[in-house]
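Please put together the full structure from these sequences, using the hints given.
Each chain is listed here by its residues.
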Amino acid sequence: MPTFVYMTRCDGCGHCVDICPSDIMHIDTTYRRAYNIEPNMCWECYSCVKACPQNAIDVRGYADFAPLGHSVRVDRDEEKGVIAWRIKFRNGEKDLNLLAPITTKPWGKFIPHLKDVPAPSSEQRNSQLLYNEPKYIRMDDGGLHTLESNGLTLQKGVQY
Amino acid sequence: MAYKTIVEDNIDILVAGAGLGGTGAAFEARYWGQNKKIVVAEKANIDRSGAVAQGLYAINCYMGTRFGENNPEDHVRYARIDLMGMVREDLLFDMARHVDSAVHQFEEWGMPIMRDLEKGSYLREGRWQIMIHGESYKPLVAEAAKNSADKVYNRVCVTHLLMDEAKENRVAGAVGFNVRTGNYHVFKSKAVVCGAGGASNIFKPRSVGEGAGRVWYAPWSSGSAYALMINAGAKMTQMENRIVLARFKDGYGPVGAYFLHLKTYTQNAYGEEYESKWFPALQKMVGKEYLDPELSHATHRPIPTCLRNHAIINEVNAGRGPIHMVTMHSFQDPHLEEIGWHNFLGMTVGQAVLWAATDVDPKNENPELTTSEPYVMGSHATGCGAWCSGPEDISPPEYQWGYNRMMTVEGLFGAGDAVGGTPHAFSSGSFTEGRIAAKAACKYIDDGKAEGIRVSDATIAKLGEEVFKPMEHYKVHRNEIVAGDVNPNYHNPRQFLDRLQKLMDEYCGGVTVNYMTNDKLLSIGLKKLKIMEEDLEKIAAKDLHELLRAWEVKHRHRTSECVMQHTLFRKETRWPGYYYRGDVLKLDDENWHVLTVSRRDPKTGQYTMEKAPLYHLVDVDKPAAAAE
Chain A
79 MPTFVYMTRC DGCGHCVDIC PSDIMHIDTT YRRAYNIEPN MCWECYSCVK ACPQNAIDVR
139 GYADFAPLGH SVRVDRDEEK GVIAWRIKFR NGEKDLNLLA PITTKPWGKF IPHLKDVPAP
199 SSEQRNSQLL YNEPKYIRMD DGGLHTLESN GLTLQKGVQY
Chain B
3 MAYKTIVEDN IDILVAGAGL GGTGAAFEAR YWGQNKKIVV AEKANIDRSG AVAQGLYAIN
63 CYMGTRFGEN NPEDHVRYAR IDLMGMVRED LLFDMARHVD SAVHQFEEWG MPIMRDLEKG
123 SYLREGRWQI MIHGESYKPL VAEAAKNSAD KVYNRVCVTH LLMDEAKENR VAGAVGFNVR
183 TGNYHVFKSK AVVCGAGGAS NIFKPRSVGE GAGRVWYAPW SSGSAYALMI NAGAKMTQME
243 NRIVLARFKD GYGPVGAYFL HLKTYTQNAY GEEYESKWFP ALQKMVGKEY LDPELSHATH
303 RPIPTCLRNH AIINEVNAGR GPIHMVTMHS FQDPHLEEIG WHNFLGMTVG QAVLWAATDV
363 DPKNENPELT TSEPYVMGSH ATGCGAWCSG PEDISPPEYQ WGYNRMMTVE GLFGAGDAVG
423 GTPHAFSSGS FTEGRIAAKA ACKYIDDGKA EGIRVSDATI AKLGEEVFKP MEHYKVHRNE
483 IVAGDVNPNY HNPRQFLDRL QKLMDEYCGG VTVNYMTNDK LLSIGLKKLK IMEEDLEKIA
543 AKDLHELLRA WEVKHRHRTS ECVMQHTLFR KETRWPGYYY RGDVLKLDDE NWHVLTVSRR
603 DPKTGQYTME KAPLYHLVDV DKPAAAAE
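Residue numbers (this note's numbering), protein chains in the order written: chain A, 79 to 238; chain B, 3 to 630.
Take the hints with a grain of salt, since some may be wrong.
Said to hold, decoys possible - Which residues of chain B face chain A? A partial, calculated answer using Cβ under 10 Å:
id, residue
1, Arg-32
2, Val-143
3, Arg-437
4, Lys-504
No lab work stands behind these hints, which were simulated from the structure alone. Cβ atoms here follow ideal geometry from the backbone N, Cα and C, with glycine treated the same way.
Dropping the structure here:
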């Protein structure tokens, strides 16, 4: 279901151009508005739809298998931390509204800056531990699993 | 060249490609290298790039040791069974023992992970899968990477790794171009973590026309992980192990939550169970050790993904298709129905669009399933990738030559699809591998292993010419024709992609030949790929967007060549349901219970193939017994 852009809603801001993972949302040089330059490389990932401040981008199912007359719209709100979807069937018999959280915390506030945390000791450097380990593996004082701790060995050859 | 050359010098760690593996690497590198210069090059925008761009509804690799659920070795055995024995168990064990710490941090950063309200543990979809509201999974981990990196270059497509001129077989950075400005970027770096992606779109897709974008793996996964490493002379492993997915027809929506959580099941067009009737013959093909339906039934031992595909493929060929997913029972429960829809919206919106367009309400009808075209990647139920060194406290000598996750090229590390032999890493495991690789890369630098790397201006200039050649070629020949895309002196990227897909499909076991190939077909295919390589020197790009596509198809081509070489080398049918070698339609443990390893000599283009031994985890107290 490649994306398309409504002429009257797009103001050419370029948010979709900036976010598209496939580099297929481009600004048309005549109309100064965005459009999908390569529908057969569109993954229908909705990144551009979610990013559009004007709700100007929509999706129409792939021409080779999807009949016309359906709609899947989305509104993603980082402030509220939710995403809202509305699915409308071609025959009009189903109209679903679905809401899901996208985060449980204020956006980006709880992601650490590892430049500012205490530097690892040389003992940690020479161990197999990663940042925040072993604590975060089991959220207790237990250590890292090893072959020895788990009573295992690696054996060459055919084993099932 | 009309574009500027921008040299970023003195980088310690360059992350090439920032999906889940790359973001994990960038994040962790800062902890072990607080004064190091960490730079990320990403061909799209790190906030929505890689396979997790549109989100995920599950984390498919979580042990739950915290809740007493599984130990790392349990996951290793699961991956071994699923991949018919062909995995790197040292790397898998290593990933599994760390992966939970990544997931617990995601939760702390704000990832909504669903809880089992009775048990207090995470809500399980299956033994390894937990359910999340992961629409913002990628922006979340991107934030972590951005907090750690000195610089993130978005829209810079890495085309080549730079090799050191002071010491043979040592990496020294990478080059690429900016898809927006056209600037030529040179990254001189002591270590590189390859976080680039696997390959969609190298086999002809079932879809045609506009729908060709509706591939299972992201269309921007251009096999760059493999091409960059192969071209640098890194050894590769298990590249024959492409994956075929049984998915909802056309939309390729995920089935994991449907099978595991919603308890849906499959049947043929006439409402019959079909799997069991194909298993006796299949058991003769692969052996009872790999397929034992009675044991599986009694012990919940999983039946390998490829073998379940095999049953679908054969049932359809017998004229009793399509296969249906029986959803009508589960979807009567409004809660489960909602989960079914959320599952798509969280990770494959296109499937919801398709059902809306075709009025398929899974409450009232059972949707169709199909088997997809093959994909080449290394983090789902398949383990294509580079031959990497394992952790020193686990790996046997054949698997260990220095730093964890370092390839056979010094200073070149990998994560996610880049690492071979580590299936079932998925998103969390790929992120974890990135973390492991970054720590090892820091140590590599601290040990002075990257001292004195040198890249000459001549090399930089030569690669720069190569990078922009498709645009030059277009300019030179464009005006020989009136208009259009038919030119005797070039093909455009789309034309090459079509040619590659047709070739791979017909000679290497795609959908139109029912995943069948043989030694003769593969040899012809290799010849055709060689000719295509010559022609790829004449690829034409009319603008920067097409230059991106040109490099993507060049990377896909190199990946395909390696896949073809490996498929020819392994003279057995190890994964019926992924592909079949018509000349050797049997699993052969006597000769092929090994990992396949290749190296392409960057100077001659010749491949050398070898077998590497397989090591399996066994319990110390019963070493001779079968592990399962």
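How the hints compare with the structure:
1. Because the beta carbon of Arg-32/B sits about 4 Å from the nearest beta carbon in chain A, less than 10 Å, this interface hint is met.
2. Hint status for Val-143/B: holds, given a least beta-carbon distance of 9 Å to chain A, under 10 Å.
3. A cut of 10 Å between beta carbons decides the hint on Arg-437/B: the least distance to chain A is about 5 Å, and the hint holds.
4. Interface restraint check: Lys-504/B against chain A, minimum CB-CB distance 15 Å, threshold 10 Å, status violated.
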